[in-house]
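Here the protein sequences line up with chains C and H, keeping their order.
For the first sequence, my numbering begins at 76 and goes up steadily by one.
For the second sequence, my numbering begins at 11 and goes up steadily by one.
Hints are computed from structural coordinates only; laboratory data are not their basis.
Accuracy of the hints is not assured; some may be wrong.
[As the list claims (entries may be wrong)] Ranges of calculated distance between the beta carbons of each label pair, as one might list FRET restraints:
id, chain 1, residue 1, chain 2, residue 2, range
1, C, Pro-321, H, Ser-492, 40 to 50 angstroms
2, C, Gly-188, H, Ala-44, 36 to 46 angstroms
3, H, Asp-386, C, Ala-118, 52 to 62 angstroms
4, C, Arg-451, H, Glu-537, 24 to 34 angstroms
5, C, Ala-165, H, Ser-492, 35 to 45 angstroms
6, H, Arg-264, C, Pro-288, 44 to 54 angstroms
7, C, Asp-427, H, Pro-439, 32 to 42 angstroms
8, H, Ile-257, C, Thr-462, 18 to 28 angstroms
9, C, Ala-232, H, Asn-255, 26 to 36 angstroms
10, H, Gln-123, C, Met-342, 37 to 47 angstroms
[Unchecked claim] Which residues of chain H face chain C? A partial, calculated answer using Cβ under 10 angstroms:
id, residue
11, Ala-44
12, Pro-46
13, Leu-47
14, Arg-48
15, Gly-50
16, Asp-58
17, Glu-129
18, Arg-166
19, Glu-259
20, Pro-260
Note that the structure is a prediction, hence the values are computed from the model and not measured.
C-beta: ideal position from N, C-alpha, C; glycine also.
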Amino acid sequence: MEGMSRPAPGSGSRTSLMSAPATVGQPMLRWQSRAKSIDGIAAELGRIWTSISLTTEGPEGDERRVAARTSVMNLVVIAGRGEVGERVAAIVDGLTGRHPSRTLIVTPADPDGPAWLDAQVQAHCVLPSDTAAETCSEMVYLTCGGESGQHLSGIVAPLLIHDLPVTVWWPGEPHFEGRSARELLPMADRVLVDGSGWSGDGLKGLVALANLPARFDVEIADFAMLRQARWREAIASTFDRPGLLPFLGHLDRIEVRYAAADGAPGMANVVRPMYHVAWLASRLGMTVVEPVRAGEAAWSGYDGLLRHGRRRVPVALRPVESTAPRGTTLIVQIHATRNRSQLWVEVTAYADGVVVQASLDGEPMPERRFLAPRKREADLLAETIETPGRDPIGAAVLDTAARLVA
Amino acid sequence: MSTKAPVAPQPRTIREERLARDGKRRRPSHHAEANPLREGLRLERVPDPHVAVLFGATGDLSHRKVFPALAQLWRTNLLPADWALVAVGRRPYDDGTFRMDIAESLHRNCRVQLDEEAEHQFLERVFYHRGDFADNALYDTLTAKLEDMHLEHDTRSNLLFYLATQPSAFPEIVGQIGRCGLDHEVHAGGWRRIVIEKPFGRDLGSAIRLNREVLKVFRETQVYRIDHYLGKETVRNLLVFRFGNGIFEPLWNRRYVDHIQITVAESLGVEDRGAFYEETGAARDVLQNHLLQLLSLVAMEPPATFAADALRDEKLKVLRAIAPPTRQDVAREVVRGQYDKGWVAGVPVAGYRTEPEVDAESETETFVAGRFEVDDWRWSGVPFYLRTGKRMAKRASEIAIQFRDVPHRLFADANTDPQPNLLAIRVQPDEGILLRFGSKVPGLGLDIRPVTMDFTYGTAFSQDAPDAYETLILDAMLGDQSLFTRADEVEAAWSIVTPIHDAWLDMPAPAFPNYAAGSWGPEDAEELIQRDGRSWRRM
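Using the sequences plus the hints, can you model the full thing?
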């Protein structure tokens, strides 16, 4: 207990040590210090786990063990701006207990100034239950000034825990052709992005994203794609009925309607609508005949053409005036004709989820609702971490999306 | 008289196969076509819309386990939006008062509390239906009610029956379901499934009879016999641990394993279930199901696929490889016990015979330990020591695999003998896996000390694992029978336990009580394992 309330030996004035009884499930800062060099950071990281007494006070004054570092991965966050780093840190902090990691939040700064490095080294701990030991993980805020910001691999590589996977999370607008990408992505196993936040229609970024696996041998996870999981469940469930399954081989048309603010429909990010089409096309083995093209009229949206066997399947992305955030998928419509029978399926977003309506030859089928509250970034990050390894379905969707854009 | 439909000619030769491939003749379909959109969906699948019918809804099990599990599934959006539950019980409730009662139970028993809105949405889908299980009128009105509910809630005639009643009511309820035709699955008319709680029979004969009664009405593919141990995260992880890792399975056999211990210890007594326990005892309550299920999961061969029947086939082979014990085997290899008064966790507790609703001269065992052998190629000669008891020193369930000692003592001069390697899979509490190995003590000498690599779920994954009931109920709704026991499995397990009971009936009355509450069981249990030069693990 004393060890937790005193600065660690040799840590100097830069090191502060927090002491307070932990609350179950509430992450708390247990250690904080600063360093100005890679060696200094490494020394501080080592000091957390070697030079303090790893005990703290339990709820009844008993001595409680603080678990040593527990890490399941290295998480490298490329934060273009300081406030992005703070937002990301809060999300990662919330995952301390669930997916402890060594997190490096890297912010290049002042590119024209002299080279400098400033790092804040922290240990965050969480008490999973009354009887368990605390689970702790490390977070390092790295600000790289001047030329050091141009050589990120030399800064990040020495700080990675070896043998653990490296996930690079690139919030905001990534520059896949830039120096940061060339420096950091070769050491990454997986890259996390959120395509729905990219500027413009986001389609150019999709192509660059789809090229990353070939350039750097990395897996891709896009939060924009993960958010569609319940939509996919809803669409797939429609075709679970044996009578409707054969219609999947006879699609006539796919249309996705998305939210666009009044007056500027062309500016909506259409990555999410595009993923819907790409998912259907890749799962059904369709090929791209004509990539999607934006129409000239303000509200015309995008049109493209797929081939499924001998059938040509038109694809349409249509903007709809809506108060929902721009680019949000509002409706996915599927038309199919088989043996002169016509199937119409429409999946529509509502406040808490999606609702599936379908009709066969004009005869409506029972409506089905799927609950799907909007996922927070923390949920998406956790979900991504929980499904490590290759995601061939996601890769195929991304690849098809890129072909639809090219 | 039945008329058989003409059977389409099956291609049997290469030429016929080629013609079929070229579309000149229809190729027979060997498998149902899979939905290509399903592949790779990361979310837990949401069950089809359905109505669940819970018999015994006012009972303890429903309040403590079933409703909280359903509420958690609702909270996490894993129940379909078009879902409703009919709670069937004898007590005089209406929908409103029953919902209030359930709300209280949820507040007491839910592992994560529902927010107000979610709780309201959940409760408004629960409807109470009062009646006596033996009364035809209950089922006639239930049938009419279900028809209305299918229309009102758009649940497509899908029905999940859940029997959480006294086992004696199972045959009556199943028979009545059959009488009303509620079991019928008609083409495109919805599925019908039934979940049956343990104990499934009280001996081999009654299990066979009960299976016969159930299978008169339902097909085996509609029946889900629950053993909640199979839904526990650690138990499910056992399969992943064995068959998802390359380094353990090569060691998992008689060549490297010395023996295996499986313990299910409870610190609680019989609480307010004295009458039930008097008729059951530890062998029927835990050995026949939890312990033998754990044994079969540890000892089974890798299934060819993770499909329900492939898995259950392999478990069944293990149970069938255990010879039913003879009277001599029981006398020598099985120990029973009953707890006396004692101290548990610093609190004085009563002996079994002074518990409420327990006979003052009861011969019911509250502890059983046994030595079993799985006579197959993999395990021949490897003893499996199983034990379970109430009022033991602590609550702990564990599977311990003790490996053989090294063939040659290279470090014979070391001050400490290295202990053999041990792999312990903790089922509860502190769920995790521990591997023990010898390590040199730092210093100039050559002392060896056992050290452990200890994986604890709590430190690697801090999120709450779902309760076993959540897992199992969701699986039943989805039609996945992997974690449910099949009729032949249940009967195979009884064919091991029933001879033990039969032998006990022929033996003189046991000298009960024979262990103090708060201990690890009777002395005889220690002797059982010590005869083989081994000892129970201290937990």
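Hints, verified against the model:
1. Pro-321/C <-> Ser-492/H: 40 to 50 angstroms: Given range 40 to 50 angstroms: violated, Cβ gap about 29 angstroms.
2. Gly-188/C <-> Ala-44/H: 36 to 46 angstroms: Hint violated: Cβ distance 59 angstroms, outside 36 to 46 angstroms.
3. Asp-386/H <-> Ala-118/C: 52 to 62 angstroms: holds, 56 angstroms
4. Arg-451/C <-> Glu-537/H: 24 to 34 angstroms: Because 58 angstroms falls outside the window, the suggested range is violated.
5. Ala-165/C <-> Ser-492/H: 35 to 45 angstroms: Holds, since Ala-165/C and Ser-492/H (Cβ atoms, about 39 angstroms apart) stay within the stated range.
6. Arg-264/H <-> Pro-288/C: 44 to 54 angstroms: Hint holds: Cβ distance 46 angstroms, inside 44 to 54 angstroms.
7. Asp-427/C <-> Pro-439/H: 32 to 42 angstroms: holds, 36 angstroms
8. Ile-257/H <-> Thr-462/C: 18 to 28 angstroms: For Ile-257/H and Thr-462/C the Cβ distance comes to about 23 angstroms; the hint holds.
9. Ala-232/C <-> Asn-255/H: 26 to 36 angstroms: Holds: the Cβ-Cβ distance is about 29 angstroms, inside 26 to 36 angstroms.
10. Gln-123/H <-> Met-342/C: 37 to 47 angstroms: Because 43 angstroms falls inside the window, the suggested range holds.
11. Ala-44: holds, 9 angstroms
12. Pro-46: holds, 5 angstroms
13. Leu-47: This interface hint holds because 4 angstroms falls under the 10 angstroms limit.
14. Arg-48: Arg-48/H check passes; min Cβ-Cβ to chain C is 5 angstroms, inside 10 angstroms.
15. Gly-50: holds, 3 angstroms
16. Asp-58: holds, 8 angstroms
17. Glu-129: At 15 angstroms from the nearest chain C Cβ, Glu-129/H fails the 10 angstroms test, so the hint is violated.
18. Arg-166: holds, 6 angstroms
19. Glu-259: violated, 20 angstroms
20. Pro-260: This hint is violated: Pro-260/H lies away from chain C, its Cβ roughly 23 angstroms from the closest one there, beyond 10 angstroms.
Violation of the numbered hints given earlier is confined to hints 1, 2, 4, 17, 19 and 20; the remaining hints are satisfied by the structure.
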